[in-house]
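Hey, can you work out the whole structure from these sequences and the hints?
Chains B and E, in that order, give the protein sequences. Residue 62, in the working numbering, is where the first sequence stops; the numbers in between run on with no holes. Residue 468, in the working numbering, is where the second sequence stops; the numbers in between run on with no holes.
Read the hints as simulated data drawn from the structure, not as lab findings. One or more hints might be untrue.
As the list claims (entries may be wrong) - For each label pair, taking beta carbons as the anchor points, the in silico distance ranges come out as: (1) Phe12/B x Asn98/E: 33 to 41 Å; (2) Leu463/E x Glu7/B: 54 to 62 Å; (3) Arg49/B x Ser296/E: 29 to 37 Å; (4) Lys12/E x Ala38/B: 50 to 58 Å; (5) Pro20/B x Ala235/E: 33 to 41 Å.
This structure is a prediction, so every number in the text was calculated from the model and none was measured. Beta carbons are placed, not taken as given, at the ideal position from N, Cα and C, and that holds for glycine.
As a plain string of letters, each chain reads:
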Amino acid sequence: MKPKLSEAEFEFMVKQSGLPLSPEQKTTLYDAYWMLEAMIERVNTPMPREIEPAHMFTAEVR
Amino acid sequence: MDPVFTIAEAAKLIAAKQLSPVELTKGCIARMKAHDDTLHAFILPTEERALADARAAEARVMAGSAIGPLDGIPIGHKDIYNTAGIRTTGHSRLLEDNVPAQDATTVRKWAEAGTVLMGKLSTHEFAMGGPSFDLPWPPARNPWNPEHFTSGSSSGTGAAVASGMILGGTGSDTGGSIRGPAALCGIAGIKPTYGLVSRAGVLPLSFSMDHAGPMAWTVEDCALLLQAMAGYDAADPASADRPVADFVSDIGKGVKGMRIGVVRHFFETDNPVSPATLVGINHALEVFEHLGAAISEVKLSPMVEYHACGSIILTSEAYAVHEPWLKTRFNDYGELFRDRLALGGFIRATDYVQAMRRRRTLCEELKTAMAGCDILVSASQATEAPKITEVPKWGTMEKPSLTIPFNLTGYPAMSVCTGLGAGGLPVSMQLVARPFAEATLFQVGHAYEMAAGTRKRRPTMALAEAAG
Numbered sequence: 001m002k003p004k005l006s007e008a009e010f011e012f013m014v015k016q017s018g019l020p021l022s023p024e025q026k027t028t029l030y031d032a033y034w035m036l037e038a039m040i041e042r043v044n045t046p047m048p049r050e051i052e053p054a055h056m057f058t059a060e061v062r
Numbered sequence: 001m002d003p004v005f006t007i008a009e010a011a012k013l014i015a016a017k018q019l020s021p022v023e024l025t026k027g028c029i030a031r032m033k034a035h036d037d038t039l040h041a042f043i044l045p046t047e048e049r050a051l052a053d054a055r056a057a058e059a060r061v062m063a064g065s066a067i068g069p070l071d072g073i074p075i076g077h078k079d080i081y082n083t084a085g086i087r088t089t090g091h092s093r094l095l096e097d098n099v100p101a102q103d104a105t106t107v108r109k110w111a112e113a114g115t116v117l118m119g120k121l122s123t124h125e126f127a128m129g130g131p132s133f134d135l136p137w138p139p140a141r142n143p144w145n146p147e148h149f150t151s152g153s154s155s156g157t158g159a160a161v162a163s164g165m166i167l168g169g170t171g172s173d174t175g176g177s178i179r180g181p182a183a184l185c186g187i188a189g190i191k192p193t194y195g196l197v198s199r200a201g202v203l204p205l206s207f208s209m210d211h212a213g214p215m216a217w218t219v220e221d222c223a224l225l226l227q228a229m230a231g232y233d234a235a236d237p238a239s240a241d242r243p244v245a246d247f248v249s250d251i252g253k254g255v256k257g258m259r260i261g262v263v264r265h266f267f268e269t270d271n272p273v274s275p276a277t278l279v280g281i282n283h284a285l286e287v288f289e290h291l292g293a294a295i296s297e298v299k300l301s302p303m304v305e306y307h308a309c310g311s312i313i314l315t316s317e318a319y320a321v322h323e324p325w326l327k328t329r330f331n332d333y334g335e336l337f338r339d340r341l342a343l344g345g346f347i348r349a350t351d352y353v354q355a356m357r358r359r360r361t362l363c364e365e366l367k368t369a370m371a372g373c374d375i376l377v378s379a380s381q382a383t384e385a386p387k388i389t390e391v392p393k394w395g396t397m398e399k400p401s402l403t404i405p406f407n408l409t410g411y412p413a414m415s416v417c418t419g420l421g422a423g424g425l426p427v428s429m430q431l432v433a434r435p436f437a438e439a440t441l442f443q444v445g446h447a448y449e450m451a452a453g454t455r456k457r458r459p460t461m462a463l464a465e466a467a468g
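Right under this line is the structure:
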């Protein structure tokens, strides 16, 4: 699988991150990026606007 | 042949003055010397400390002032648990010479319970990157077949317990790092409720997903170990300020009247398990039904939803922990850790927040599903252990994890061995309880172990005559 993100867009993200990646390391991460991309898409599917982040789950009393 | 005791067995014999903690410890040391060149479970054995601890325990027993069931029991700590004056590396070149000044809270608690410290145990680098062959220490190997993987990241603890080098040990679990090695090494391991066990002094990976917990040969031993590590600790911001339950006294009461839910789609369609794993789970359900439990099926969101949410949170938080070193010492990390974690640099703040919002909805879903159940059953690993040289670099991203849903939600979850698969390696199931209902997990897990008799068979290596 290939990422939807272009290599140029990926290169921009690498620069923004400040990670000192070699060309080989960039290729490795670009080739794997589609898996992260799918997860990011999944967590960004629309939710009702009132849902707040989970800071902690609610503990039940046994 | 030197017998390998469980903690419960050893504790009874020690209390009756029929087993010497010093002799018990020497047996573990002999097994370590015979097999650790093959298994690499230890990063740093502490033989002198172990013998000193054992002699002190023996003196207490002989004086009639034994502390409790862990007095004189040989244990080890995953090498992300700080140990005062003893090197703690995270299995990483970056902490190769790190000697903490203080014990982790849990290390101190086990020492106060009289345990015998056998040493520091292998992990995947910083509890995430492994199995790696480019670190200062080799990865741990599986005692059932050293050509095979232990899973991780509490890999050394899994190998050392299964091979009888220690009777119990610490693990940490951010996405399955206690339950994975417990499953592949054929032992028991529990990730307790988030907040039950202090993480103070344990190297962090992901603040809201990290859990500390015990691993041992049996469920009962895990209960004894957890009893000595649980409890509020002001030094851990996530610590739950509530009384600690009695984890031991319900063991042996059986499962009659319990309501057991099966999340069948997790392990049949979302991440299909091997035939032997499926047989083991179905057999366990028959055992529970025979013992008087009511079985029903439970449906949750597809596991990939939990997996995506957990992975985004874990990777973002771990990246935040390691970012300064990733920017300045990237190539000092092993390849697996640095490549897996570098992806965290490409997650936006809004993605993390959306994952945290979705986390709340998944927590609510699980809470609703568990309203009608005392226990959920799923799988803890999909298959038997693969060869250690054939573990895919991106394996944790390619298929949804069977364990991460309960890191995401904070619910207590335990891996219990269900026998051996076609390759002669362990298979397992996962039991999940409501928050802070660890006692129920132990009650159910122990009932299964007793009925199924799965704890009778050890790896041949554990039973072999120690060399020399």
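The hints, checked one at a time:
1. Phe12/B x Asn98/E: 33 to 41 Å: holds, 36 Å
2. Leu463/E x Glu7/B: 54 to 62 Å: For leucine 463/E and glutamate 7/B the Cβ distance comes to about 55 Å; the hint holds.
3. Arg49/B x Ser296/E: 29 to 37 Å: holds, 35 Å
4. Lys12/E x Ala38/B: 50 to 58 Å: holds, 52 Å
5. Pro20/B x Ala235/E: 33 to 41 Å: holds, 34 Å
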